[in-house]
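Given chain C's structure and the hints, the job is docking chain H onto it.
Protein chains: 2
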Amino acid sequence: MILVNGKADNRISISDRAIQYGDGLFETIAYRNGQLEFVDTHLMRLAVGCKRLAIPFRQLKQLKEELSIVLTELAEHDAVIKIIISRGSGGRGYLADPSVEPTRIISTYPLPTYPANYQEIGVTARICQQRLSENTSLAGIKHLNRLEQVLARTEWHDPEISEGIMLDQHENVIEGTMSNLFIVKAGELFTAELNKSGVAGIIRAEILDITADNNIPCTETIISKSTLADADEVFVCNSIIGIWPVTCIYNGKINYNYPVGKITRQLQNLLSN
Amino acid sequence: MILVNGKADNRISISDRAIQYGDGLFETIAYRNGQLEFVDTHLMRLAVGCKRLAIPFRQLKQLKEELSIVLTELAEHDAVIKIIISRGSGGRGYLADPSVEPTRIISTYPLPTYPANYQEIGVTARICQQRLSENTSLAGIKHLNRLEQVLARTEWHDPEISEGIMLDQHENVIEGTMSNLFIVKAGELFTAELNKSGVAGIIRAEILDITADNNIPCTETIISKSTLADADEVFVCNSIIGIWPVTCIYNGKINYNYPVGKITRQLQNLLSN
Chain C
1 MILVNGKADN RISISDRAIQ YGDGLFETIA YRNGQLEFVD THLMRLAVGC KRLAIPFRQL
61 KQLKEELSIV LTELAEHDAV IKIIISRGSG GRGYLADPSV EPTRIISTYP LPTYPANYQE
121 IGVTARICQQ RLSENTSLAG IKHLNRLEQV LARTEWHDPE ISEGIMLDQH ENVIEGTMSN
181 LFIVKAGELF TAELNKSGVA GIIRAEILDI TADNNIPCTE TIISKSTLAD ADEVFVCNSI
241 IGIWPVTCIY NGKINYNYPV GKITRQLQNL LSN
Chain H
1 MILVNGKADN RISISDRAIQ YGDGLFETIA YRNGQLEFVD THLMRLAVGC KRLAIPFRQL
61 KQLKEELSIV LTELAEHDAV IKIIISRGSG GRGYLADPSV EPTRIISTYP LPTYPANYQE
121 IGVTARICQQ RLSENTSLAG IKHLNRLEQV LARTEWHDPE ISEGIMLDQH ENVIEGTMSN
181 LFIVKAGELF TAELNKSGVA GIIRAEILDI TADNNIPCTE TIISKSTLAD ADEVFVCNSI
241 IGIWPVTCIY NGKINYNYPV GKITRQLQNL LSN
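Each protein sequence line maps, in turn, to chains C and H. Numbering of the first sequence is given in my numbering, commencing with residue 1 and proceeding in unit increments. Numbering of the second sequence is given in my numbering, commencing with residue 1 and proceeding in unit increments.
Worth flagging that the hints you see were computed from the coordinates, not collected in a lab. A portion of the hints provided could be inaccurate.
No distinction is drawn between identical chains; accordingly, a pair holds when it is met within one copy or between any pair of copies.
[As the list claims (entries may be wrong)] Derived pair list, reagent style BS3-like, types lysine-lysine, alpha-carbon separation capped at 30 Å:
#, residue 1, residue 2
1, Lys-225, Lys-253
2, Lys-262, Lys-51
3, Lys-82, Lys-142
4, Lys-51, Lys-253
5, Lys-142, Lys-51
6, Lys-185, Lys-225
7, Lys-225, Lys-7
8, Lys-7, Lys-51
9, Lys-7, Lys-82
10, Lys-61, Lys-82
11, Lys-7, Lys-142
12, Lys-82, Lys-262
13, Lys-51, Lys-64
14, Lys-7, Lys-253
15, Lys-142, Lys-253
16, Lys-253, Lys-82
17, Lys-82, Lys-225
Isolated chain C, as found in the complex (with noise of 0.2 Å):
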């Protein structure tokens, strides 16, 4: 099922500032047993992108009944649901008419078909070429200019590797292409600043919660390609995979080992409570 502004559809105007210049944002939520997901978190985080991109959405309360559709329709099918945000439709070139409406798309997917065990064994991820971009003022934001990670994403075909790790513009180590990513060190958790790039998620969020309430020490840090190498446990993290270990990196020719951790273990459990 889409809905397009409430309505059943399945696509959109051309003029649309999405399709034109990717002007505005995108939330995954996981819906499973009936229940969507740090469902509040991820509309919190929609209407923070929506003002630091200066869209004026002020259609949450549409939005919130949509998904209720949606979410009925599903009936207890789990399901992948994606909300894009766009500034709306037309304008003169960059400059957004004042009078364009936000476009809310809601689609339903299948949840995608992991190995349940992934979150048990671990996988295997390498790091990209691709470099992601600094920017202050797009750093965190879960916008629709996704090239980077499309980029990011041709580079294997390799069934085996189940995640490709980002470097940014000064090589330091920020996320995975649909992900984020913790290391622990000497019983310390650390995951990278998204104050240049990066998008902060949910689920990154939700384990800086949960550390500070169970007192893990958890720092956001500059990590480089060493530090990572150096790491005792390393996973990566999203709102559709919850907590996955990472227990091999390729680096060109390298690879970094890790084993399956106890606070990796943890975290996972306290995620799931």
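Just chain H, lined up with the frame of chain C:
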């Protein structure tokens, strides 16, 4: 008139990767006096951009046929022709399905109603707060990830200001929101290197060719804000506006002022021949 993959239509599927990720490119071509200006150069740039984004675009012949249909419809009416090529519809997340076929969109717009004397008397510009990010893999390409330009263009509504000048992460001058920028100093032309950011414009390329042919020194280099301030002449250019002399640039509380110089005039003349 809008053609989507050769058919009259004004909408595309939600699953198109232009909407989902800004995964595509565009060209904006002037159609004036029955001529599609610099069309071969535009189509060449499109092909190069597709190659750099690994979009397997094999429909150049169809695209040209569709352009003919659009021109026949326009007859003698001047217009802007916008071509969008996206990677196509679908795929599993960032990874496109190998069978995906690119989407071709051709749309026409009235030529913008800029005052005709902008080319004569010049325009006022401003330096934007919004910075351009840097990424060698995207630099120069006219791709659909245009949030930086959109955000830059939200910064002003004063109709006296005709263009915003954008700096990179190192505060160097790169281009306008919709144009490339040249400066003249001591009889020599300079424009920004576009190896890390910016769009390599068709008129910019034309000017590089014209200056080489006419023994006018012209260098692609790094242009600092102080170099811009000290310039003898400044102009911006693109396929629709041609060359606009810039006579004033607002930089916060400071204004930089320039005459409409003779090299700018010489290039306007050379370009129109």
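Hint by hint, here is what the structure shows:
1. In this assembly of identical chains, the alpha carbons of Lys-225 and Lys-253 lie at most 30 Å apart only when taken from the same copy (14 Å versus 43 Å across copies).
2. In this assembly of identical chains, Lys-262 and Lys-51 lie within 30 Å of each other by CA distance neither inside one copy nor across copies; the values are 39 Å within and 45 Å between.
3. Taking the closest pair of Cα atoms, Lys-82 and Lys-142 come within 30 Å of each other both inside a single copy (12 Å) and across two copies (27 Å).
4. Proximity of Lys-51 and Lys-253 under a CA criterion of 30 Å is satisfied inter-copy only: 27 Å between copies versus 44 Å inside one chain copy.
5. For a Cα distance limit of 30 Å, the shortest separation of Lys-142 from Lys-51 qualifies both inside one copy, at 12 Å, and across copies, at 26 Å.
6. With identical chains, the CA atoms of Lys-185 and Lys-225 are at most 30 Å apart within one copy only, with a shortest distance of 14 Å there and 44 Å across copies.
7. Taking identical chains as interchangeable, the C-alpha atoms of Lys-225 and Lys-7 are never at most 30 Å apart, the minima being 47 Å within one chain and 50 Å between chains.
8. Taking the closest pair of Cα atoms, Lys-7 and Lys-51 come within 30 Å of each other only inside a single copy of the chain (25 Å); across copies the shortest separation is 37 Å, beyond that limit.
9. In this homomeric assembly, Lys-7 and Lys-82 come within 30 Å of each other (Cα to Cα) both inside a single copy, at 16 Å, and across copies, at 29 Å.
10. Proximity of Lys-61 to Lys-82 under the C-alpha cut-off of 30 Å is restricted to the intra-copy arrangement: shortest distance 17 Å within a copy versus 36 Å between copies.
11. For a Cα distance limit of 30 Å, the shortest separation of Lys-7 from Lys-142 inside one copy, 24 Å, qualifies, whereas the shortest one across copies, 33 Å, does not.
12. Taking the closest pair of Cα atoms, Lys-82 and Lys-262 never come within 30 Å of each other, the shortest separation being 33 Å inside a single copy and 55 Å across copies.
13. In the homo-oligomer, the alpha carbons of Lys-51 and Lys-64 lie at most 30 Å apart inside one protomer (18 Å), although the nearest pairing across protomers, at 41 Å, exceeds that limit.
14. Neither within a single protomer nor between protomers do Lys-7 and Lys-253 lie at most 30 Å apart by alpha-carbon distance, with minima of 51 Å and 49 Å respectively.
15. Taking identical chains as interchangeable, the C-alpha atoms of Lys-142 and Lys-253 are never at most 30 Å apart, the minima being 32 Å within one chain and 34 Å between chains.
16. For a Cα distance limit of 30 Å, the shortest separation of Lys-253 from Lys-82 qualifies neither inside one copy, at 37 Å, nor across copies, at 44 Å.
17. When the C-alpha separation of Lys-82 and Lys-225 is checked against a cutoff of 30 Å, the pair qualifies neither within a copy, at 32 Å, nor between copies, at 42 Å.
This entry does not satisfy hints 2, 7, 12, 14, 15, 16, 17, going by the numbered hints stated previously.
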